[in-house]
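Colleague: Let chain U serve as the given structure and place chains C and D on it in line with the hints.
Protein chains in written order, with the numbering used here: chain U, 1 to 278; chain C, 279 to 568; chain D, 569 to 848.
Incorrect hints may have been included.
Result set (DSSO-like, lysine-lysine): computed pairs, CA atoms no more than 27 Å apart in a straight line [claimed, not checked]:
1) Lys147/U to Lys238/U
2) Lys521/C to Lys840/D
3) Lys600/D to Lys684/D
4) Lys433/C to Lys445/C
5) Lys743/D to Lys297/C
6) Lys684/D to Lys19/U
7) Lys361/C to Lys521/C
8) Lys71/U to Lys297/C
9) Lys463/C to Lys619/D
10) Lys619/D to Lys600/D
11) Lys687/D to Lys19/U
12) Lys588/D to Lys433/C
13) Lys297/C to Lys68/U
14) Lys619/D to Lys565/C
15) Lys821/D to Lys463/C
16) Lys198/U to Lys468/C
17) Lys518/C to Lys759/D
18) Lys642/D to Lys463/C
19) Lys302/C to Lys650/D
20) Lys687/D to Lys759/D
21) Lys68/U to Lys292/C
22) Lys292/C to Lys195/U
23) Lys237/U to Lys600/D
24) Lys514/C to Lys600/D
25) Lys815/D to Lys559/C
26) Lys687/D to Lys237/U
27) Lys815/D to Lys468/C
28) Lys834/D to Lys559/C
29) Lys619/D to Lys514/C
30) Lys840/D to Lys568/C
31) Lys198/U to Lys400/C
32) Lys400/C to Lys195/U
33) Lys521/C to Lys834/D
34) Lys235/U to Lys834/D
35) Lys821/D to Lys518/C
36) Lys285/C to Lys514/C
37) Lys14/U to Lys687/D
38) Lys433/C to Lys619/D
39) Lys195/U to Lys445/C
40) Lys196/U to Lys445/C
It is worth saying that the hints were derived from the structure and are not from the lab.
Every value quoted in this text rests on a predicted model; they were computed, and no experiment measured them.
What follows is each chain in one-letter form.
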Amino acid sequence: MISDVTFGQYYPSKSFVHKLDPRIKILLLIAYIVMIFLAQNFLGLIASLLFLTVVIIFSGVPLGSVLKSIKTILFLVIFTALLNILFYSPKEGDTHLFWVVYLEGLISAGFLALRLVSLVMGSSILTLTTTPVSLTDGIESLLSPLKLVKFPVHDLALIMSIALRSIPTLANETERIINAQKARGADFDSGNIIKKAKALIPVLIPLLISAFRRGDELGDAMDARCYSGSKVRTKYKKLTLSARDLVAFLVTAIFFAGVILLNIYELNVLAYFAKIWG
Amino acid sequence: MRIVAEKLSFTYNKKSKFKVDALKDVTLTIEEGSFFGIIGHTGSGKSTFIQHLNGLIPVEKGFLTVGDINLSDKKKIVRKRYKELRSKVGMVFQYPEYQLFAETVYEDVAFGFRNFFPDADKEEEKRAVFETLALLGLGSEYVNQSPLDLSGGQKRRVAIAGVLVAKPEILVLDEPVAGLDPVGKNELMKILHALHENGVVKTVIIVSHDMDEVCENCTEVAVFSEGEVVLSGSPKDVFKNTKLMNELRLGVPITGQLQDSLSEIGVEIDTDFSRDDFVEKVVEYFKNSK
Amino acid sequence: MQAIEFKNVSFSYGDGESRKEVLKDFSLTIKKGSFVALLGRNGSGKSTCAKLINGLLVPTSGTVTVFGMDTKEKGNLFEIRKRAGMVFQNPDNQQIASIVEDDVAFGPENIGVPRKEIKERIDYALLVTGTEEFRHSEVARLSGGQKQRVAIAGAIALLPDILILDESTSMLDPKGRREVMDVIRTLNREKQITVIDITHYMDEAVEADEVCVMDNGVIVAQGAPNEVFAQRDLIRKSGLELPVSAKIAEMLKSAGLPLQGEILTKEELSEKLCELLRKN
Numbered sequence: 001m002i003s004d005v006t007f008g009q010y011y012p013s014k015s016f017v018h019k020l021d022p023r024i025k026i027l028l029l030i031a032y033i034v035m036i037f038l039a040q041n042f043l044g045l046i047a048s049l050l051f052l053t054v055v056i057i058f059s060g061v062p063l064g065s066v067l068k069s070i071k072t073i074l075f076l077v078i079f080t081a082l083l084n085i086l087f088y089s090p091k092e093g094d095t096h097l098f099w100v101v102y103l104e105g106l107i108s109a110g111f112l113a114l115r116l117v118s119l120v121m122g123s124s125i126l127t128l129t130t131t132p133v134s135l136t137d138g139i140e141s142l143l144s145p146l147k148l149v150k151f152p153v154h155d156l157a158l159i160m161s162i163a164l165r166s167i168p169t170l171a172n173e174t175e176r177i178i179n180a181q182k183a184r185g186a187d188f189d190s191g192n193i194i195k196k197a198k199a200l201i202p203v204l205i206p207l208l209i210s211a212f213r214r215g216d217e218l219g220d221a222m223d224a225r226c227y228s229g230s231k232v233r234t235k236y237k238k239l240t241l242s243a244r245d246l247v248a249f250l251v252t253a254i255f256f257a258g259v260i261l262l263n264i265y266e267l268n269v270l271a272y273f274a275k276i277w278g
Numbered sequence: 279m280r281i282v283a284e285k286l287s288f289t290y291n292k293k294s295k296f297k298v299d300a301l302k303d304v305t306l307t308i309e310e311g312s313f314f315g316i317i318g319h320t321g322s323g324k325s326t327f328i329q330h331l332n333g334l335i336p337v338e339k340g341f342l343t344v345g346d347i348n349l350s351d352k353k354k355i356v357r358k359r360y361k362e363l364r365s366k367v368g369m370v371f372q373y374p375e376y377q378l379f380a381e382t383v384y385e386d387v388a389f390g391f392r393n394f395f396p397d398a399d400k401e402e403e404k405r406a407v408f409e410t411l412a413l414l415g416l417g418s419e420y421v422n423q424s425p426l427d428l429s430g431g432q433k434r435r436v437a438i439a440g441v442l443v444a445k446p447e448i449l450v451l452d453e454p455v456a457g458l459d460p461v462g463k464n465e466l467m468k469i470l471h472a473l474h475e476n477g478v479v480k481t482v483i484i485v486s487h488d489m490d491e492v493c494e495n496c497t498e499v500a501v502f503s504e505g506e507v508v509l510s511g512s513p514k515d516v517f518k519n520t521k522l523m524n525e526l527r528l529g530v531p532i533t534g535q536l537q538d539s540l541s542e543i544g545v546e547i548d549t550d551f552s553r554d555d556f557v558e559k560v561v562e563y564f565k566n567s568k
Numbered sequence: 569m570q571a572i573e574f575k576n577v578s579f580s581y582g583d584g585e586s587r588k589e590v591l592k593d594f595s596l597t598i599k600k601g602s603f604v605a606l607l608g609r610n611g612s613g614k615s616t617c618a619k620l621i622n623g624l625l626v627p628t629s630g631t632v633t634v635f636g637m638d639t640k641e642k643g644n645l646f647e648i649r650k651r652a653g654m655v656f657q658n659p660d661n662q663q664i665a666s667i668v669e670d671d672v673a674f675g676p677e678n679i680g681v682p683r684k685e686i687k688e689r690i691d692y693a694l695l696v697t698g699t700e701e702f703r704h705s706e707v708a709r710l711s712g713g714q715k716q717r718v719a720i721a722g723a724i725a726l727l728p729d730i731l732i733l734d735e736s737t738s739m740l741d742p743k744g745r746r747e748v749m750d751v752i753r754t755l756n757r758e759k760q761i762t763v764i765d766i767t768h769y770m771d772e773a774v775e776a777d778e779v780c781v782m783d784n785g786v787i788v789a790q791g792a793p794n795e796v797f798a799q800r801d802l803i804r805k806s807g808l809e810l811p812v813s814a815k816i817a818e819m820l821k822s823a824g825l826p827l828q829g830e831i832l833t834k835e836e837l838s839e840k841l842c843e844l845l846r847k848n
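This is chain U alone, in the form it adopts within the complex:
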C-alpha cells in the first residue's frame, strides 16, 4: 500500500500559491534564494522571512508540514553553526564570552543557521504546493530556449515524467517482493552490515529484472502510439500566465527591492528605530 502515500510531499489544496504557474513559482524560488544570499544583515533576512511567512499564509499549507522539511537538515544546520562558533576568528573589539566562544561568533552562526533554514523552507514550499507533474512541465518550459542549441529538452522532460509515473508502480513492486522473500524466511533486519546487504540480493535482482521488463513493454507501448521523438510533436497542455502570477511577481519584486535597500541603509534604519525607542 506504499503507492497510497502520495510521493514527494505535495499538499493538495486550491490556494493562491497552488494555483500559480509552476514557471513563476520556480523563478520566484530562485529570486528568493538570491534574496537570502543578498541579505547581509539580520534585517534583510527578517524581510526575507517575512516574505516566506506571507507565502506560507497564502499557500494554506500547515506550518507543521513546512517545518517538517527542516528536520532532515537539522543535523547539517547544527553542525555548521557549531563549526562557526568553535572556529570563529575573533577581531579586535569582539566580546569574549567563555572558552573559544565569542558573541560575534554566536551571531554569525545564528545568521548562517537562519539562512539555511529559510532556504530549505522556501524550497519545500515549492514542492508542497506544486505537483511533480506540473513541476516537470514548468522545468520543460523554462528550459525550452535551450532547444535552440539542440539540447533535448523534450526527451529530458519525457524521461522525468516517466520516472515520476513509475515511482508508485516500483514502490508497490518492491513492497511485494520484500514480502514474498520474507515469507520465504528472508531476514532483512539482523546481522551486520554485510549480511544485511547480502540479504537484499533476493530483492534487488527480481526488481531489476522486472524494471527491465517493464521498460521493454513501455517502449513497445510508446512505439505503438506513434512515438518517434520527432519535430512534428505538438503539446496538449500549455502553461498560461494569469493576473495571479503578475501579483505574485510584483510582491516578490517589492520584497526583493526591500532586502537590497535594507543592505544599503541598514545603519540608518537602526538609527531610526533607536530614535523611536530611544
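Modeller: Chains C and D only, in chain U's frame:
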C-alpha cells in the same frame, strides 16, 4: 493448525487523509484440513487478511491465532516466533514467478530451505529441493537451468516449490492460476489438490476471483467485501445467496445461474453448485419427470 | 480492401542454434469491421502475430499488410500505427504520464495534432471508454480495469480502425474484464472498429465473429465460434478447453440428457435446459 480470527481490524495510513479501513471486525475460522477459498474484489481486504496469517502485517486490533501461536500477543516473544510461523504458513503471492532471483532453479528453491533450516546439511538440502520440485511435476532436468529460461507455467511452479520447500502445514496462494493458459491452470489446480490429498500440506487457502474455480475446488469459502466477511461456509451455503452475490458484483458459478433460470420456470433442483452434482440432479429431475 | 493480411509469414528469434521459429508460413486475412479472437496456448505465437501487425516486429519472410500498407516499409509505420492501436497485457506498463488526460494526449501529440483538436480527441476517447470521471486522476490510483480502459482511450485518441488486444484482460479480475470487454464490443459494433482479441478466456472467444486457433506457429482452426469449438479433439490438442457452459452441456449429454445442437454460452445452455425440462 487451525486459524482463528476474532474481530480482527486493520487500517492503512492511519493518520493521513488516504486512510483505508482494510479490515473491519473480521471473525473467521479456517479449520485444519480444509481447502479454503477466499473471494472478494481487489481492495476488499482479502490480501490484508492473508498477510496477517504469517505476520507480514502485525495484528493491530482484535485477535488472531495460527495453531498455538497467538499473533495478537503484543509482547516481543511473538516476533521471535515469526520465523517459525512463516515456515508453517507458506505464502505464495500473485505472480510469484516475479520473485525468482537465483541463477539456477536449484538455488532458488534452496533459498527458502536454507533460511528455515540453517543447520541442515547439503544432503538434506538436496533431498528437500529435489523432492519438492518433483511434487510440482518438475523433474531433475530442471535443477541446473536458469529460472528465467522456463515457460510461464514452469516458472510459477518453481516459485511455489520455493515456498513449499520449507514444509509448511498451511499453504496460502493469492490467485495461483492468474494469467496461465487453460492447460497451465488445470495442471496447477491438480497439483494443489494432490498436495492437499497426500497430506504434503494440511490446509490449502486460495484467493480467487473466479466463482466457478472456487466452487469446483474448495470445501469452505469466505466472501470479503469492504473489509468485512459478508458470507462464509460451504460453497453451497455461500452461493445460494445469489442476490447478495450479484449485488456484490461477484456473481455465482454458472451452475448457480442455471439453477436460477430453471427455478424461474418452476424447476427446483437443490445442488451443492458443483458441476458433477448439478449434472446428476438435472438428469435425475429429467428422468423423474418423464 | 482487407484490414489485415498475413501472406506466408515466417518469423524467428535468435540465430544459429538458439534460433527459434515462432511463425511458420503463416497466412491470415482479417476483414474490416470484424471481431476476431486469436486463441492458443502460451508460446503458440499469438503475441508475435499482434506485434507483426503494427510493425513492432517485422517478418523474417513473407509480408504483413495493414490496409494495403506493407509493415516492412519504414515510411508506412506512422500511418499503420495510427490505424492499428494496441492494448497490452500489463495495466501498469503502458501509461506514459501520471495524469489520465495527459496520457491519452500522448498519441495525438506524437503525430502533431493541433492542441484544440487534441482536446476534442481526448473528450471523445474518454467518452467512448467511459473514463471521463478519471480525466484528472492519477493513473496509479485506478483499478486494473480502469487502467486498461485508459489504455484503450490512449489508442482511440489516434482514431484507429483496428484495435489489437494482446491478452489485455488476463491480469484483471472478472469485474475489470467485463468493463473492458463491454467497451471493446461497443467500439466494434457502433464504431465499426476491427478487433483482434488475443485471449486465454474461452468465454470471450465465444462472442467473437470469428475464432482462430494457433498452435506451434500455424493456424490449426479458423471459423465461427460454434464451428471451431465443435472440433473437440483439436481444441484439446491445441491446449485449449471448452467454455464452461459447453463443458457442462457436454457432461449433461454424456449423463444421458438429450440436449440438441452445439451449446457454447450460458444463455444457450439455459435456454435449452429450460426447454427440455419444461416440456416434461
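Colleague: Hint numbers the structure violates, sorted upward?
Modeller: Those not satisfied are hints 3, 7, 14, 16, 17, 18, 19, 22, 23, 24, 29, 34.
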